[in-house]
Amino acid sequence: MATVVAETAEADAPVATLDRIWRTPPGLLGTLTSVDHKTIGIRYLVTAFAFLLVGGLEAGAMRAQLTHGDTHWLSPEAYNQFFTMHGVTMLFLYASPVLSGFSNYLWPLMIGARDMAYPRVNALSYWTYLLAGLLIYASVLVGQSPDGGWFAYVPMTGATYSPGLNIDFYTVGLTFLGFSTTVGAVNFIGTFFCMKAPGMSVNRLPVILWGTLSSSIAAVVFVPALTVACVLLYLDRHVHTHFFDAANGGQPMLWQHLFWIFGHPWVYIVVLPAIGIASDIIPTFCRRPLAGYTFVTLSTIATIMLGSGVWVHHMFATGLPQMSTSFFSAASMTISLTSGVSVFAWLATIWHGRPQFRVPFLFMCGFIILFVIGGVNGVMTASVPFDQQLHDSYFVVAHLHYVLVGINVFPVMGAFYYWIPKMTGRMLSERIGRWVFWLMFIGANLTFFPMHITGMLGMPRRVYTYASGLGWDTSNLLITIGAATFAASILLFLFDVVRSRSVGPIAGDNPWDAPTLEWSVSSPPPPYNFAVIPTVRSPYPLWESRLGERPASVLDAGPVLADGRETVGTDALDGEPVAILRMPEDSPWPLLLAIALAWVSLALVFSAWTWSLIGVALTVASIIGWLAPAAMQPARAEPTGSDRRLPMTSDA
Amino acid sequence: MTTARLQTIGGADAGARGSEDAVHASGRWAMRLVIATEACFFGYLLFSYWYLAAFATTWPPHDAQVSLHLALPNTGILLASSALLIWGESGIKRGRIGQLRAGLALTTALGALFVAVQFVEWSRQTVTPSGSLWGSLFFTITGFHVAHVCVGLLMLVVVQVGAWRGAFTARRHGYVSNAALYWHFVDVVWLAVFTSLYLVPVLNR
Chain A
1 MATVVAETAE ADAPVATLDR IWRTPPGLLG TLTSVDHKTI GIRYLVTAFA FLLVGGLEAG
61 AMRAQLTHGD THWLSPEAYN QFFTMHGVTM LFLYASPVLS GFSNYLWPLM IGARDMAYPR
121 VNALSYWTYL LAGLLIYASV LVGQSPDGGW FAYVPMTGAT YSPGLNIDFY TVGLTFLGFS
181 TTVGAVNFIG TFFCMKAPGM SVNRLPVILW GTLSSSIAAV VFVPALTVAC VLLYLDRHVH
241 THFFDAANGG QPMLWQHLFW IFGHPWVYIV VLPAIGIASD IIPTFCRRPL AGYTFVTLST
301 IATIMLGSGV WVHHMFATGL PQMSTSFFSA ASMTISLTSG VSVFAWLATI WHGRPQFRVP
361 FLFMCGFIIL FVIGGVNGVM TASVPFDQQL HDSYFVVAHL HYVLVGINVF PVMGAFYYWI
421 PKMTGRMLSE RIGRWVFWLM FIGANLTFFP MHITGMLGMP RRVYTYASGL GWDTSNLLIT
481 IGAATFAASI LLFLFDVVRS RSVGPIAGDN PWDAPTLEWS VSSPPPPYNF AVIPTVRSPY
541 PLWESRLGER PASVLDAGPV LADGRETVGT DALDGEPVAI LRMPEDSPWP LLLAIALAWV
601 SLALVFSAWT WSLIGVALTV ASIIGWLAPA AMQPARAEPT GSDRRLPMTS DA
Chain B
1 MTTARLQTIG GADAGARGSE DAVHASGRWA MRLVIATEAC FFGYLLFSYW YLAAFATTWP
61 PHDAQVSLHL ALPNTGILLA SSALLIWGES GIKRGRIGQL RAGLALTTAL GALFVAVQFV
121 EWSRQTVTPS GSLWGSLFFT ITGFHVAHVC VGLLMLVVVQ VGAWRGAFTA RRHGYVSNAA
181 LYWHFVDVVW LAVFTSLYLV PVLNR
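As given, the protein sequences belong to chains A and B, one line each in that order.
The opening position of the first sequence corresponds to residue 1 in our numbering, with each subsequent residue numbered one higher.
The opening position of the second sequence corresponds to residue 1 in our numbering, with each subsequent residue numbered one higher.
One chain only, chain B, in its complex shape (with noise of 0.2 angstroms):
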């Protein structure tokens, strides 16, 4: 005869041990699905650059501004934004909601730096996305990846407004792990983005 444990999760903080285990087995599947889905789709992207790149004779072309100057910097604010998130999240793993409040502002302050640096970058570039080829897939992919950072931002505002109100404790913040899930997706996919539009052709240089 052996005794199982089954927790009540969804509406209120479960029992022991366990529950956040079962809180992924339903919701951060979904999250997980959604990123696997969102992740196809950059690499569509990315495979339609590759592969128009291919068919080019100077890529990227000589009148495209690719430079490092903007966008390392940038890529450092982002990851920053992640590590500061993970930090956050394990505050709130040990009940410390002062320091789940704490990442989430400060990650948040990061991931719009970035959104503004990236219009920055926007502005200085002398290609319009009808102006050529490289532009069009320059802006289409950094556009969409800066939307997708505001997807993000948005679900690091709602949870932080959780924070505030006190949704969250050490065994019921699903939300926030779901959250947090999402924006290291935008990071490690804006990764791929910086590689393929900046990194190989600077270094091809």
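Bound-form chain A, shown alone (with noise of 0.2 angstroms):
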């Protein structure tokens, strides 16, 4: 093992010149280049926060429409755009965005780098994002918005009956999307290959990390099963091919299969990184390290592997042989092993510790129990005959929404408490934290509990209404206030956020006095992340002291790097350092490119063939432009000190 130590001139950090090579510049310029990941990973928190915000407002109606039987206030056409539309926005445009966005903030300052590994392509993936979200929401604007459920099953999508606009959004929108899932994902895989401080081996990596990265390899394997379903839905709608067309030999199915080979993944994809996050903030709160690390990994990525082996308990009902649904059956409950590895991590974590119950902690805590309820119904829909029974109820909707809003909405309200000090440099309010924790457990669980009666006594879900007096009229009433008291949570914390702003507590370096390297700089951190790039010793590199560990991390001392925007590159597993990276400037044409492809993209929803050739056209030049200062231009003569030598004492 070495230590990379400081050149000696070196060894005065000249932070005025890092400053100087790493910020960008003011103004609208510098907004729409910028390639910083803490200015990318705020905008895809703030978007995916005002998406869930929508989403929220779709489901307050379709919920005002449900209080009572016998309503008719929303249309059925109306009701089913806005349990669309909820589902799409909730699944695609806030749940995995959202946790893009804590990775890609945090990312490069858990790992002791200076950005990510492709800066400009996550700014691409930024963007992308936000004009794939605006691009279905635009179906709002011409009365035509998707309505066949997020899951858009054929033959009711197929062109015969549903001739508007609306699957077009649908499946376009979700192509679009994907393009920008998959290359943020790329840029997630490499980072965690290659980005790493000296000495960052994988087994002292936060796991969100492992979280983040199992996410995105499924996302790089599963999303094109997405792209090919829509693809092969919108041939089928406008160029009159047969792949769904039963008439003609096509088979419904496999539109269900495509799918569900990608959205089952996709439930993992959107909880796995939460996971990942409760991991590491529950050890700050208990004071000591999470038990069980290297199990809480491995059952990550195990996850993740047999979660790509039980799309078909989404299709118990359509008449497979019962061999198939025996076996994805089976498949489905191995689930609740790995899962039940990391909770039993955590509460041995915390029945071993010293737990302080801060606001953060009170969210995972929340997180815990509402995983372990959606955990257990789950277990009990993945069991054939019981599905067969309520499939379609609204049973199935209490399942899907436990493990939603308690996997993920949990721990990112837990981590907005965590880490927006972190972010903005002022804490939010301890006591109005705890309402919002209070009000949102209290409100998802009156919210989705009574929905497991409501499904047993028979409601079928996405029914635009019920007749009164079949025994469904109570929990209905029960789960709208519940839904009202989970809203009020959400409006009191945005009421947190802002307030905090001008008088939360200033919160200093590290206001936890939390383990990881995030929490070694300041809040916010400067735009190079670290002054000198350090060097990392174990998995809890702020508790060393404590804990004993040896030999310690080296935080104040290392490669300084202030020739330009670089990094140190390391060797995927155990972080020996290989390579100084030279990291790109801000650039304009990630937008560029970004609004080519959204030309395409809304051109091909209109079947625009000229318009959206000429945005193909668009997409090439941005491309090329891209890459031409790189790939094109004579190579320069090589700059004195290129090749140069990093001091390196071995300790060993």
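In short, the hints are calculated from the structure, not lab data.
All the given hints hold, so there is nothing to weed out.
Derived coverage of chain A by chain B (criterion: at least 3 residues anywhere in the stretch with Cβ under 8 angstroms from a Cβ of chain B; other residues may be distant):
hint: 1; stretch: 214-225
hint: 2; stretch: 622-632
Some chain B residues flagged as far from chain A (calculated, every beta-carbon gap over 10 angstroms):
hint: 3; residue: Ile77
hint: 4; residue: Arg94
hint: 5; residue: Glu121
hint: 6; residue: Gln125
hint: 7; residue: Thr195
Keep in mind it's a predicted model, so treat the numbers as computed, not measured.
All residues carry an ideal CB built from backbone N, CA and C; glycine is no exception.
Since each chain comes alone in its own frame, lean on the hints to assemble the complex.
Written as structure tokens, this is what we have:
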């Protein structure tokens, strides 16, 4: 093992030089061209939260309709658009991007790097996400929003039964969004493999890195299934191909297979980074390292591997052979084993720790409880005979909301309370935070627990209204009251965030006395993140003196790299330094390429072939513009000092 | 006391041996992952083909024109283009810029020829995309493949311009390696498409 120490000439960190090199210039141009992961991360978080509010309003409209039976203020057509857009918004435009926001902001700070591996790709990923979201919501302007459910089953969504633009916004919008997800995932994986600080071997990483890595690999492998499904449906609708056309040999079931091959792993994509967040926050408030770090990371990876082979449990009622459904039922139940490993690791951490019930920790406790409930009703629905009884009933709605709200929203809320002080430099209110937590916890349970009962009593999902007097009235009223409570907690949280900007106590570098690297820098962090690249020797660099870890991490000495945007590249497993990576400057090309792709997408929605070809030409031009300076310009002469030596001292 | 040597990579040529590994470390990973996700895309397309074929009573249907007359030579053209690209890339690794330029030019020419032959193949096909399920699959899958060949050609043209302007040296040619990797991927995907759409039906006949 070797320790990187600073060259003596660079021992006094030229912080002003680093600041000049890394700071994005102010003004509109700087805003549009920035590739800083912290800026991009916060943009992701704000945009995703805005979509959460919109999706919440859609849910509110549906709850208003369903509070009592025989209510008709939303027409069936409008209700279909509301529940479809609610699902699409929450699953695609909130749940995954909000986690990308945290990962983008936190990864380089946690691993001692100055940026992500591909900063311009990072900007491209954000701009395409924003534009894809706006494209999907442009459907509202023409009054033809997607209305086939977030799963958009054929033949209901084929040209015959859905002749409007509704499904075209869905197929094109999700293909465009899939591009954003994929390039974002590539960036995370590349960063994981190349950018960790010297000494940061894979057993010393914060768990969110493992969660996001697992999600990203799944995105690379499974998002294309959705893309293929959407492309084939688009062709069926506009070129009159026959992929899903049963009258001409096509198979509607092909859609369900492709969609759920993507769709079930997507559920893990939107929860695994959140599980990682929990595994990083719980130790801070239990004042001890995470119990069973290795088991938690391995079970994270095992979850995504098992999760790739369970998609048929969404299709138990489609008449597949019993052999097949039995296999997928068994596979689905094994997920409870890998999830259980994490739950018991958290319980052990709490049990053996000295828990401090601050607001982020309250959200983690709420998360564990909801996760267990969502896991138990998940095992119930994984059982074929049980599922066939309750398929398409409110029981399933209860299950999926316990899972998604419990394992995504609660860790995300805890993460906001935990990391917003790092992002803004000011603490949120402990007192308001407790109100937010309890309102949200009570609201979530009051909303989603009665749905189990309503489902058992036979209420089907996706109905725009129901007859009174079927025994569903009381539970539906409770559900609406719960939803209003939940909404109140979100509004209170927003108030807290706004309030903290002016009156929140100054956070300081490490307000929680937390153990990981992001807390070693100022709040908010400087544009270059670290004045010197640290060397890491344990998973909890800031707790080493108390844990008695030897040798200790070195945070105040190391390579400075102030000759331009540079950071240290390391190998994937051991974090041995292998190169000084030159990072790109701010660039307008990510935004221009995103606009070109949005142009193509919009033209395709309206079947405007000429316009889409112009968009393709613009896309090609943007890519060439992006690549040209590096790929087409003559190689410059070797600048002096580009083959530099970093003195390494052996401590073995 | 050991001393490790670190090279600056990215904007300029780096120092000693090992720099190319470092280029692979970041840019190479991005290309590998793009290829992984594209490979999955074709995997799902071919899954759709076999899934739908499994339900059909006669596959391919009688009116489909499945013949190796153009497809087999075209496969040879694409394989040859990959071989020439390997030859060109091996040139730049030893600093022979002329060999790289020749390899890139020949690869691009063969790639363009492949696309042209594919257009002839389509024009000879009596079934249309909307005419039958088989036509839908045939044109969609080969169409997406040709689109990927065109993307590969675009990459080759970009690095070709770079090669003529002297952007690459023995130590700095990550863009060439990445474009080559993509081209080989397009080639390998064709083998899967060719096997599914041509070889298996012909051998079953």
